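*Asks:* Add chain D to chain S, keeping to what the hints say.
There are 2 protein chains.
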Amino acid sequence: MDSLQTALIWAVPVLGVIGVVTAFFLARTVLARDTGTPEMQKIGRAIFEGATAYLRRQYQTIGLFAFVAAILLTAIISGFSGFSQGWHTGVAFLIGAFMSGISGFIGMFVAVQANQRTASAARRSLNEALTVALRAGAVSGLLVVSLSLLGVLGIFYIFGGASDPARAPFLIIGYAFGASFVALFAQLGGGIYTKAADVGADLVGKVEAGLPEDDPRNPAVIADLVGDNVGDCAGRGADLFESTAAENIGAMILGVALFEVSKTAANPAGNVGWIFFPLIVLAFGLLASIVGVLMVNPRGTINDPMSVLNRGFYVTAGLSVIFMVFVSSVMIPNGKGLFAICGLLGIAMSLVFVYITQYYTSGTYYPVRQIAEASKTGPATNIISGLAIGFETTGMPAVTISVVLFAAYKLGEHTGVASGGIFGTAVATMGMLMGAGYILAMDSFGPITDNAGGIVEMSDQPESVRDVTDALDSAGNTTKALTKGYAVGSAALAAFLLFSAYLDEVGNLRLTKAKDVITSPTGQTIWNVAHEVNLGKVEVFIGGFLGAMLIFLFSSFAIRAVGRAASGMINEVRRQWRENPGILEGTVPPDYAACVDISVRAALREMVLPGLLAVAVPVIVGVLLKSEAAAGMLMVGTMVGVLMANVLNNGGGAWDNAKKFIEAGNLKDDQGNTLRKGSEAHAAAVVGDTVGDPFKDTAGPSLHVLIKLLATITLVLAPLFVR
Amino acid sequence: MDSLQTALIWAVPVLGVIGVVTAFFLARTVLARDTGTPEMQKIGRAIFEGATAYLRRQYQTIGLFAFVAAILLTAIISGFSGFSQGWHTGVAFLIGAFMSGISGFIGMFVAVQANQRTASAARRSLNEALTVALRAGAVSGLLVVSLSLLGVLGIFYIFGGASDPARAPFLIIGYAFGASFVALFAQLGGGIYTKAADVGADLVGKVEAGLPEDDPRNPAVIADLVGDNVGDCAGRGADLFESTAAENIGAMILGVALFEVSKTAANPAGNVGWIFFPLIVLAFGLLASIVGVLMVNPRGTINDPMSVLNRGFYVTAGLSVIFMVFVSSVMIPNGKGLFAICGLLGIAMSLVFVYITQYYTSGTYYPVRQIAEASKTGPATNIISGLAIGFETTGMPAVTISVVLFAAYKLGEHTGVASGGIFGTAVATMGMLMGAGYILAMDSFGPITDNAGGIVEMSDQPESVRDVTDALDSAGNTTKALTKGYAVGSAALAAFLLFSAYLDEVGNLRLTKAKDVITSPTGQTIWNVAHEVNLGKVEVFIGGFLGAMLIFLFSSFAIRAVGRAASGMINEVRRQWRENPGILEGTVPPDYAACVDISVRAALREMVLPGLLAVAVPVIVGVLLKSEAAAGMLMVGTMVGVLMANVLNNGGGAWDNAKKFIEAGNLKDDQGNTLRKGSEAHAAAVVGDTVGDPFKDTAGPSLHVLIKLLATITLVLAPLFVR
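As you go down the protein sequences, you meet chains S and D in turn.
Just so you know, our numbering puts 236 at position 235 of the first sequence, and the rest follows in order with no gaps.
Just so you know, our numbering puts 723 at position 722 of the second sequence, and the rest follows in order with no gaps.
You may find that some hints are simply not true.
Identical copies carry no separate label here, and so any pair may be met within one copy or between two of them.
Here are the simulated PhoX-like cross-link-like pairs (lysine-lysine), alpha carbons at most 25 Å apart as the crow flies [unchecked claim]:
id	residue 1	residue 2
1	K538	K627
2	K661	K207
3	K669	K43
4	K377	K627
5	K538	K337
6	K627	K411
7	K377	K207
8	K669	K377
Since the hints were derived computationally from the structure, they do not count as laboratory data.
Computed from a predicted model, the values in this text were never measured in an experiment.
So that you can see chain S by itself, here it is in the shape it has in the complex (with noise of 0.2 Å):
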């Protein structure tokens, strides 16, 4: 190893902690702020008690069953691989579970206390309100990503990384479940409560009672501003902490094979390159982001929002091009700089995603324009309009990815390193996921601007001051789509370095169990024979049907989910006006602590049933139908779920910005009338909107986590499926 592949080792802890100290000097700004009026303060303390009492016992509850599932996971790892490789896996398990929580736990706190000091500053200016914002939501972004980092590297080398570097990656998988399966319930609940105070605000807030968004007589709106942190902050931070810390080790999973093949005659310890090469290259990657968030300053007028984020986030996408060239050449020096282009794939899948995003789901452009028209003969057709988009945006990512992968695959193969093709995905994905952290911070920064107009409009500010946060909070409803987008895709472009690492881990477990080792008649390596995941035998196709039917099922449980708990909000909040027709006048308070509590019980209660079944049918399917199943049920698992997630994703995003389009007053009858608040055609565009609530924010980005579980707990289970 020579000097610069050890400095840029030492590089990561460096980066890493450079980012927790940005984290803190960021959320040190934000904090400084003034909190603005008496009456702003009310209610930024309703949010921030709202949204700490779900927070308290959601974790609660969340790391009873972590506890249970370490307990397990150890006992069972140990009964067959050994307790050594048991405890191991439940430490790690329970270190990924603790790191994820408090990633999310700290986000949101600084989130929640950005809201009014966002909503504060617009009274001054766009710029100053989209600084604090952005911020804000960086401080969440920056975190997520160092602390993965940090997470992964301490664990390594706590388990003996440095003495036996080709080991340890086997023996950290458990981080990586820890921190899906945290992140499973955390975006489950988070998804369960913010639809249900959203859902049952809107139809019993809108519809019935015909009050506008955000009003204070409507007992749900604190609990429809809370959600918007627990769902979207804490949900995605946790969403985007696993991603990293799964397709990391995955990297470093694959990493290892080709470490082994390092080892030669001339040089006989290798080149441990392979192994660190992914975290260096998303420690780079933070330093990007850094810059990034920084970089956005704005100073004069501001037309369009959107356009002073996309600035920053060009920044570190070329920042990243040259730090993936850079890190690439030194650590992995045989690859004929054909890495390097694989990273760049992944860079520009990154790109290709946003714009993909933004085509299906801006009002630009001419999906949402459809879905608008539709409106006009009423509510059916406009359902029928958004699902046929929803269906159809698949089309380009699913053609996106395939080109990447391909691309990524055969350069990978060129080098002509033996696993080349494998890591050469690895590597795209890497590059994909360089900019993480700056993709988190516009996504935080979509609901901290959506609860700063709420609190303006709560708080009676002027109409130029609404202008401000509903400009930030047009901007905010983009960002949040795109990272939908994101972290779909690079969960699409994971999935193959992801099963390729679990099946090593299976041929890894099927040599040292020296019972069914397979030798290949064509001198082939270990390796490849074990890569086998051949759907023409039943169990396989087995495995990868249920695979399949698991995305259907799961969605079906979240969305029912938000539907039971929404109507269990929509009766309170009909009891406490009919209880107290004062609330209605607006002389008297609505209890707001009563609806939040409904939504905080609610998302306690139905994130299990679809948490386990995500859990269960892995298991199960692996007990059963074996280790090849088990492969076949995560690989079509995954390609299903990201067309899925597609679909809702999207097709949410589609009918709530056809909502807009028309609100916006762009669409016109036929005798050339616009049609705004109030007309049929209105009235069905939010019906579109309703139905889109639990797809977009609940089933879909529960459906990112799902994927990665699928892998990480089949990577941890694996000595159970191997018998």
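*Replies:* Below, chain D alone, put in the same frame as chain S:
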């Protein structure tokens, strides 16, 4: 071959001819009945003219497409596999296409004639009307199965099956492709026609003008009635024609492998029973269906038409059990009786699917009630609830299919016969398909009674007559849903058999090309090595991913096509009412023919894009990524297609029946008042029903055909993909 075997082979043409004769006999008894009042005759004539106008233009276009496809096919196959294989395939394709068209055409002709005769019989008794409708439906059902059998047998012998039974099945695969090609366009065109008319008529007639269903003042009403015939009768007929043809030929191809293995020193001729077995089983299934149909001749008072129809199905299933045991013991005696059990599993699965479909789409059970409940809070919750149910309906069918597939495979393996596992799944598929004739008769019963109801309504018959047709119509809705469940279940079961046939074909091609012949190190035969569809290879993964995407994209195109065509219909109806106010007053008859013409043209135009997509994607994947990737596309596409078809069919059926549940006065509000037509809840349920229309009658049924088209197109074009 012993004499009993010879006798059973002879039974195939005999039973096929008996099927055709019975169909003609039934057609004569139906046509001999009275055609009702002059008013009824007038409406019946209008429906007949509309239907023939559609069919003439539709089949002209499809014929042209088929002719072009046949020429291309002949050229391509000749180039890759020699002119002999080429012209055989092309001719087989045309014959398959022709037979499929013929059976759809004749069945529909009789069904249309039966409408007014059923309406007339309803004036006398429920028993008589039920008998007329079922027998008219049976004309189509029996004809489809008979022609499919006679066609396969005929072409098998024409192409030298007597002298070389092992080669002929490979020559006739074009027949199955021709059948699926026509079925795709027939189902798409019919589905678009019927739903353009139905959705258009409902939205403008019921929702805008407040007219009742089937009101003569609605210009689209005749187009709507015509649509039931061309969508449900002709479409589903073509669907099941190609199911029996494709699955028959697929099973025969599998039989070839077992036939070759059965050649021993003691018996050098081998047991040709393996190849003929599927044909004979289906022929006896036809006999069972004939008996089932003729047994339905109710006397005395009928409480529930469904129980009468079910009784006929139980007779068919019971006879199928006996025939299955008998035929398998004679034709494939060395299966230790285990293959017979596989067949019984298939028959049992057809019953299980009937129950599952009833559970999810009948108002008696939880799912439909839940959607009706959700309608109380408006269209948004109705849609959310319906989609959640739709997604949920993938669970039980997927588990059932998995269990049957696994059990049949393992039982087949247990026989000790080489390739016995896959043949076991083939026998299960044949078992399930034995009742196809009866199921299809029940299916056509649906649109016939639906139309009879329309004629009764339009010809101003007394309430008591309407009660008779309402009872029949309600049963018809159930039978239509059952047929779809049955069609998709058999498609799923057949999937494994069809791609095994494809893999056999690929293995065969590799052998004859003597190019990259793979020899197994463990001494296994070439078949098993060729049976590899390894998702661990990047091409195969991408093939699978694109296969899954195809299902979503195709569904999107099919749904969108209905939306576009319906809006054309809405504009035409509005134009007629605007230009001639006398229509709505009931003083001037509307221009029915103009609406029929719009549906005809829309169906022809809109079927092209989804049809092209369905043909182009597998060809592109196969040519670019080669045969194993095509197999991946086929398998994953099938899995997702089966699940999505369930979502669309059952979701649509549940929405439809939730509306009927409310109309029947079964929904109460919190105060205990019944919510009926005119309530907000009913309006919400109408939205759900309208959304479900293109799901269950266009996209869902077209997916059945798409799945099998994927199988037949890859089977036929395999020479193109193996290079």
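*Asks:* Indicate, hint by hint, whether the structure satisfies it.
*Replies:* Results for each hint:
1. K538 x K627: Classified as both; 12 Å inside a copy, 20 Å across copies.
2. K661 x K207: Within one copy only: 15 Å inside a chain, 29 Å across chains, cut-off 25 Å.
3. K669 x K43: For K669 and K43, the Cα distance exceeds 25 Å both inside one copy (41 Å) and across copies (42 Å).
4. K377 x K627: This pair counts as neither: shortest intra-copy Cα distance 53 Å, inter-copy 47 Å.
5. K538 x K337: between (38 Å within a copy, 23 Å between copies)
6. K627 x K411: between (30 Å within a copy, 15 Å between copies)
7. K377 x K207: The answer is both: 20 Å in one copy and 16 Å across copies each meet 25 Å.
8. K669 x K377: within (9 Å within a copy, 31 Å between copies)
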